[in-house]
Structure formats: structure tokens, C-alpha cells
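Enquirer: So the protein sequences, as listed, match chains P and H. Per our numbering, residue 1 is the first one in the first sequence, and the count goes up by one each step. Per our numbering, residue 1 is the first one in the second sequence, and the count goes up by one each step.
Since the hints were derived computationally from the structure, they do not count as laboratory data. Glycine included, C-beta positions come from ideal geometry on N, C-alpha and C. There's no promise every hint is true.
[What the hints assert, rightly or not] The following label-pair restraints were derived from C-beta to C-beta distances: (1) P:Phe-60 - H:Glu-452: 20 to 30 Å; (2) P:Phe-60 - H:Arg-210: 49 to 59 Å; (3) P:Gly-100 - H:Asp-450: 15 to 25 Å; (4) H:Arg-45 - P:Phe-60: 34 to 44 Å; (5) H:Ser-361 - P:Phe-60: 24 to 34 Å.
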Amino acid sequence: MELCPLIKNILLLDSEGKRIAVKYYSDDWPTNSAKEAFEKAVFAKTQKTNARTDAEITMFDNYVVVYKFVQDLHFFVTGGENENEIILAAVLQGFFDAVGLLLRGTVDKKEALENLDLILLCLDEIVDGGIILETDANVIAGKVASHSMDAGAPLSEQTITQALATAREHLTRSLLK
Amino acid sequence: MAQPFLKKDDDHDDEADYSPFLGIEKGAVLQEARVFNDPQLDPRRCSQVITKLLYLLNQGETFTKVEATEVFFAVTKLFQSRDLGLRRMVYVIIKELSPSADEVIIVTSSLMKDMTSKTDMYRANAIRVLCWITDGTLLTQIERYLKQAIVDKNPVVASAALVSGIHLLQTNPEIVKRWSNEVQEAVQSRAALVQFHALALLHQIRQNDRLAVNKLVSSLTKGSVRSPLAQCLLIRYTSQVIRESASNTQTGDRPFYDFLEGCLRHKAEMVIFEAARAITELNGVTSRELTPAITVLQLFLSSTKPVLRFAAVRTLNKVAMTHPIAVTNCNIDMESLISDQNRSIATLAITTLLKTGNESSVDRLMKQITTFMSDIADEFKIVVIEAIRSLCLKFPLKHRSLMNFLSNILREEGGFEYKKAIVDSIVILIRDIPEAKESGLLHLCEFIEDCEFTYLSTQILHFLGIEGPKTSDPSKYIRYIYNRVHLENATVRAGAVSTLAKFGAMVDSLKPRIFVLLRRCLFDTDDEVRDRATLYLNTLGADGAVVETGEDVKEFLFGSLDIPLVNLERSLKNYEPSEESFDINSVPKEVKIQPLAEKKAPGKKPTGLGGPPPGPPSTIDAYEKLLSSIPEFANFGKLFKSSAPVELTEAETEYAVNVVKHILDGHVVFQYNCTNTIPEQLLENVTVIVDASEAEEFAEVASKPLRSLPYDSPGQTFVAFEKPEGVPAVGKFSNMLRFIVKEVDPSTGEAEDDGVEDEYQLEELEVVAADYMLKVGVSNFRNAWESMGPDCERVDEYGLGPRENLAEAVNAVINLLGMQPCEGTEVVPSNSRSHTCLLSGVYIGNVKVLVRLQFGIDGPKDVAMKLAVRSEDEAVSDVIHEIVASG
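With these hints in hand, go ahead and build the complete structure from the sequences.
Expert: Have a look at this one:
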């Protein structure tokens, strides 16, 4: 297990360091207060840096944290101290870009909260129990956005709005590719 | 697709900080979850409610058991809907709720249906959910589907099954191991991530089979692994193989090095970096092997991406510790990183430069660092200070500029840890570089003129007292020290008084002036300061009788207190005021040897002020004191050895009991440490009834019951046995805990008056030969062996029968003898066919024993051992052989 790249947590915080969506894959922070303390510390340490064009990186309590900000959203990915930094950055970039695609370019806190279901699904598709599932933003967003009735559903169950939604999803998917 | 969760009377949506979750409340959301039970499901609304539930969980809200169960059952209803979006949310929330085993059964059939669905997304997610929540009993039922899924043509499904396999391997290895054919097929997948997950799982299935891992690595390093992540894994596995096979290839080329080097030309940065890092971490890497790796890392240093620069500089920083020359090529790139926006990168660059720098570049470097220091945080500064200290020790000629640098930053603002790091560095430089002494001491003097940290002031004063009098002109320090007596708090004033006295004792010409100063201190407001002044005036002979300071006075002033402070503290606490005055000679002097783990701590820093911290209280001392404090055992003589506690109960039983075996010359004392874990009970008159029928040479002589054992406060009861003096008698003892139990009212904490007698069976305990052996190491085994001579040597050979591997056999013998392995010989290199292990110890009766063990293993894992024993007494040498022969 220790040879496989492992993600310790993925955090999406707002510009005050408050949680929007977080996912921990490690027992290093057993309680909610331990998690909050970690988030607070990471936020304080990175707040003043400029991580808007390129992903930035820091060492922190024997963790490597890569992070990137856009508008009032702060994205973080944490790994162990011996983790390959570039792999962590790839996960961060996948998450960051997938959220960008899913929010259709309007990437800010309001939009993120209004589409929290997409963000949560996105986290679910990137890492499973610490193991990287996917880093390609298009694939991640594609998997999250595939909202439609399953093929076997009788047509009568679909309302007009649902049919329209389905059509829109198909369009998005083709755009995302 | 998700809509804002508008409440009807909510019109906040135009406000900037509007949140759809504003005023969200758990109770209300749980109410809303009732829509899951509607006969006509509204998928969108259900999705929204699930999102709200997930939001609450994500914010750290917890559901009670009842709430979670209710939500879980409601959620299971949603499997009726065929809306994909809703189903995804259902999957996520089931994982978050982590249902209990009996709840899992409810969703099993739904999930199994999804696992075999035609929709890829259903299959992939259902596998992940089911494997996440299952407890293994279900696994055999779904194994068939999982094996199919691993080779599914849809990569998402295959990955889901493989990743689930990686998790399940931790809990159900025997099942997952049956999948290796399918996993092997998946390694060849064209989908990048499937290949990555398959490789990770395949390696984990085979990780204990070195040959199989070897084969895996050598076949894959030839072929083409497409996925960069899989390639990174392969590099990690390869370096592991290299590490484990390193011993026999010291001469020729390293196997697989070409593969690592080839990876440096990969198109993915993560692979290039992984390979470069792997090369730098090779055991005994040569500079020829290093060069290509350093070259790519150097390119990364000038990348526009901070992550790449950080990764490169962090790796080079590590290389610089062992191969500074190899990194010097990167110095120019490093220097430009000093101004890097990212201060972590800048700090790593500086400290790397400090490690690789040569004498001529020091001055230039220091100039750059000065500007750099003002805008980094204390934690980075400390790292830099430590690097500067080692640089100065490397180039003592440069002490002037480095000392100046340190004194300059000492004057600037900074927290305690930072200041302490600087002061420690100056102290170390003063100690190690004689030319730096005078300027260093003056810097310290100036620092204490305006130092806000009492601890640092007193430590510096103490140090001044030792070093100051030895300088060419001690008088110039007096002013600084005496100023402290006027201006500081009592602790510092007392320290200053002691320092003044040391000057007076060492420098006779200063003595009259020191006396004047000390006399002034007699009017201090603080007791300690006055007491010290009085004491020193008397010992130094201020009444004018003696001019030369006596040796015993010097010894008193400067001699180190050769008693561990913890021991002194304990003795003083135990001392009861009486006719007899406290005798410092009664304080035990043994210090427990620091645990090995602490010694191994990487980058052991030289201790600056204050010397090494006093060791933890010695356990053998504590035991000895404990035993001698019990009248029944007081005349048993000196304690030879106390074993580590042996548990006599299972974990989490009503009463937890462990035993410590105390071995004395003619006695054995069992110390039973008992803990009562039941709050409603008070135990009284606790004893252990020991049946020694299987320990013939032992006879019970005394026991000491434990009067009362309240909840959660451990107590001890003892049983003592007599045994033939000096003989390593062994035997088995069965134990029964006997006590009177009284009910305790939990609300008042008061026990009832009447108790019931009860017994509690404990596990057996054994006194073995190893109990008579003290683990005492020798620093140079060969010398000790030679000087012991062959007079009492006994050599014999033994067959140890089939063993798993050599390491296991070596460990078994070490544990049997209870001796201290020397020179790291307890570690058996993997794959080796023979091994020599050196042991040392002291046998009861204070007989030194040295043992040389030679092991060999042949084909069917049969281990043979040659045992050579040297000791001061041939009888003891024979005993060692008997122990091995019977063990």
C-alpha cells in the first residue's frame, strides 16, 4: 500500500477558510476538530500567497500541500511528505479543471454551493479511499455530468423538462470532449 | 442541473454572500427526507435533499445512530427511481452513512442488481459502494461479478473493481489473491488508469513473493507501460527490487539502472521526477549514476511551475547532504531561487547552497541571505540558522563573517525558538572554534542587555561563567553581568550572582571587586538571590582569610552535578525532615539508557546550551526503590533484573493484570499490576494465588496483598518466591486473582459495606532462562571477544529445523537468550543464505557473556546454527548451551 501514491485529503474552502466541500481519505485527522484545525492552519499558511495562475506548493507538518485559487475558492490537495509532488499537482489540476467545466466557467463560491451535488460527485470520481481514480478533468466532468435517465426507463416516465435536461447533458458531453 | 435550494419566503438571492444553505438546520432536513418515501418520487427534489444531508455531514454535523438509520432506510427506497443523477447521489450518501452490517443487507440486492446492469455507470459505482460497505461475508457471493468487472471493456468499471480490490486486500487477502489472472490481464489494458490500478493491485497481491515481484518488474520494464501513473509505480517497484538485490552487485552495473535512466526521458513530468528521485535515493549511488538525474532536476529548477521547482530543489537539498559536489552544478540556478515568490522554495534553495557552498562563496551568500531573512517566517529562519552553523563548522576560517551575521540577526525581532536557535549556534561555534570565542561571548553579552527571554538570559549567564574567566581579559564581562543584577527579574539576578562568583573563584585579581559586588547583592529583595550571594561570599572566603580558591570550592562551583536531576528531585521529595540531614550520596546515579529510537532520530542536533536533557526516570531504579520500600522484601538483596510487563489478561476484560518479574539473587518477586475497569465495583484485599507445582525449585515465602483497588486507578500486589541462590531456575506458574468485590453507587461513588469474595482466572506465567540475562551491549565486539579469551569458550552446532527464513531463526535465538545484539547484527539482509549475529549480556552473578552465532540455511529452509560462547565462567558458558539445547 505504501508504494502506491496516496492522497490524504482534498479540500475546497472559501476565501475565509470555511468549508465548501472536503474529503479526507486518511485517519491522520480522526475528529472533526482535528480536521478543522488542519484546514485553518493550511488556510492561514497559504492565504497570502498568489496561487492563481499556477498551482503553488508548501510543506506543512510533514505533509505536502498543493493548492490553487480562483475567485473566492481555494482548492487544496494534501499528500504525505514523501509523495511525488507532481502527482499531487496532477490531482489538484484534475479537480480544479473539472470543477471549472462543471460550473461552466463561472467558478465562484456562490456557483459552487448552488451546484454542491456536482462538486461532491466530482470528489467521489477523483479519489477512492486515497487511491487516485482519475486525473483527467474532461473524463471526471464527463462522468459527473452524465445525468440522464437510464436507457431502460420507459419514455412515459420522462417529463418534458427531463427530456430537455437530457438533451442538454448530451450537448455538454459533446462539448466537453 | 441543480437548482438553488430556495425556500419560498427566501429572497436573498441577489445578495453577494448568499448561500443556498443559509440557515440550514439538521432537524428540518431530516424532516424533508420524508420525500424519499413518497409513492411518486420526484428525483430532483430527492437529489436536493441528499445534497443537503451531505452538506451537513461535510460541515462536521453528526447524525445519531437512530437518525442515520432512518435516513439510510429512506434512501434505500430511492433505488426504485431510474434517474441516473439521483442514483449517483444515493451511492455517495450510502458510502457516507457507513451503514452497519445488518443495514447493509437491505441494499445488497439492489446493489447486486446494479452490478450486473447494462449501464456502465451503475456497474462501476455499485461495485465501489458494495465493496466499501461490505464486511467480507458477502464477498464470496459477488466474487464472480468482481472478477468479470476487472476485465470489463469499460475502463471505469474495471478501475472500480481494481481499486475496490486494493481496499479489500487489506481485509480479505485470500479472496482477492484468487483474482490474479484477471488482474494480470488488466495490466495489459489500453486504458491508462486501468493499467495503473491493475499494476498496483498485482504488486500488492505478490508483494511477499520476492521472485514474483522481480519477474513482474523485469517483464514490465521491457515492455511499454502507457500510463504515467503506472510508470511511476513501476519505478517505485524497481527501486525496491534494486534495494533488495543490491548486496551482490557491488562490482558490476546496477540491474535496472538503465530503465530508471530511460525514464528520465519520458514525456510526463511526474515520471521524469519519480525516476530522478529514485536514482538519487539508490544505495551507494555513484556520481556517474547521479549525473543524468541531477541534470533533469536542474532543468526543473528554472521551470515556471512552482510545484516543479519545489520538487526539484527539495530533492537536490537531500542529495546535497550526501553528495554536495554533485549538486554544485546547479548553484547558479539555486541562487536565482533565493528570490522565489514561494518562500518554501527559497528556503530550500538557501539551505542547499549553504551545504554545497565553498569557502570563497560564503561572503557573497551571506549578503544574499541577509536581505532574505527579513521576509521569511521564523520556522524557515531556524532552518537557515542550522545550515549556517554547519557551514561555519565546515569553514572555520569564515567564522568572522558568519558570527557577524548571527549577531546581527540576533538583534532583530524574533520569537523564542528562533532566538534560541541563534544562541545555540553561537555557543557551538564558541566551543568548536577557539578564535571565535571572544567575539562570540561579547555578542552574547550584548544580547542579554536586551533579552526578553529569561531562559536564554540564564543559560547565557551560566555559559559566561564557564567560558568568561578563561579569556584574556575577563574583567570586560563583569559590567554586563552585574547590570543584570540591577535590571532583571529574580531568576536572572540569581543566575548573574552565580556567574559573578565563578569569575571571583577563577580570577584571583578580580576577587576583591567581585566581593564588593556580591555584598551589594545581600540587600536584594529576593531570597534566592540573597542566599546565593551569602553562600558564595562564604565559600570564596570574603572575610579575607584565604586568597587562593580551594580545589573543593572550585569543584563545588564548577563540578558537574553527577547525579541525574530527576533522581535528585525524587529523593528530595521523599526526604522527610528529621534529625538526619539529607545525604546527597544516597541519590541513585544510574540513568536509564536512552531508548534506541531516540538515538536514531535523524539529523541529531548538537545540543547547545544546557547539555543533554536529563534522562527519564530509570525503571530499574524505580523498581529497586519500590521493592526495598516493602519490608517483606527489603532483605532480598540487590535487584538483578526486572522483566518488561507480561499481560496476564486479554485486552478489554473486566480486570487488566500484567506481571513484572523481578529477579534477585536468591529470590523472584512477581509484581502484579492490576487495573479495575468496572466503574460500579471496588475491589478490596486483592491477592494473587500462585500455584507453583510446575516450578519445583521455587517456594513461596511472602506476599503483599493490595488493600483496595478502586475503578481505573492501578495498584500492585506482590508474591515472592525463594529459589536456590545463583541458580537460573525456570518454571511455570498459574495465577488466580482473589479479591472481595463491593458494589459502588455510580452517582455518589460510595461503596456498599458488604462485599463478596470472588476469583478471576489469570493466564500462566513462566520464568525462563532469558530472565537471568541482562541486555548489556559492548561497543566493540571484536575487542571484547578477544580480551575475553578462549579459556571458557564453548562451541557446538545445532539444527534449528525448518524455518520461514533466516531472520525468523535469528530472532528466535535472540529472544531465547535475552541478550543484546551488537553492531546491528540482528538485522538479516533479505535473501541472504548465511548470517553472523553477535550478542552480549550479563548473566546472573554478574558474569559477562559474549555469544557469536553463525547461521546457515539450505534448500528446504533447514536452518543450522553454530554457537560459540565466551564468558568469565565456563559453567555459565555451558548454561548458555543448555538454554539453546533445551529451547
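Enquirer: It remains to establish, for every hint, whether it holds in the given structure.
Expert: Results for each hint:
1. P:Phe-60 - H:Glu-452: 20 to 30 Å: holds (28 Å)
2. P:Phe-60 - H:Arg-210: 49 to 59 Å: violated (36 Å)
3. P:Gly-100 - H:Asp-450: 15 to 25 Å: At 54 Å between Cβs, range violated.
4. H:Arg-45 - P:Phe-60: 34 to 44 Å: Holds, since H:Arg-45 and P:Phe-60 (Cβ atoms, about 41 Å apart) stay within the stated range.
5. H:Ser-361 - P:Phe-60: 24 to 34 Å: With Cβ atoms ~31 Å apart, the hint holds.
Hint compliance for this structure: hints 2 and 3 are not met, and every other hint is.
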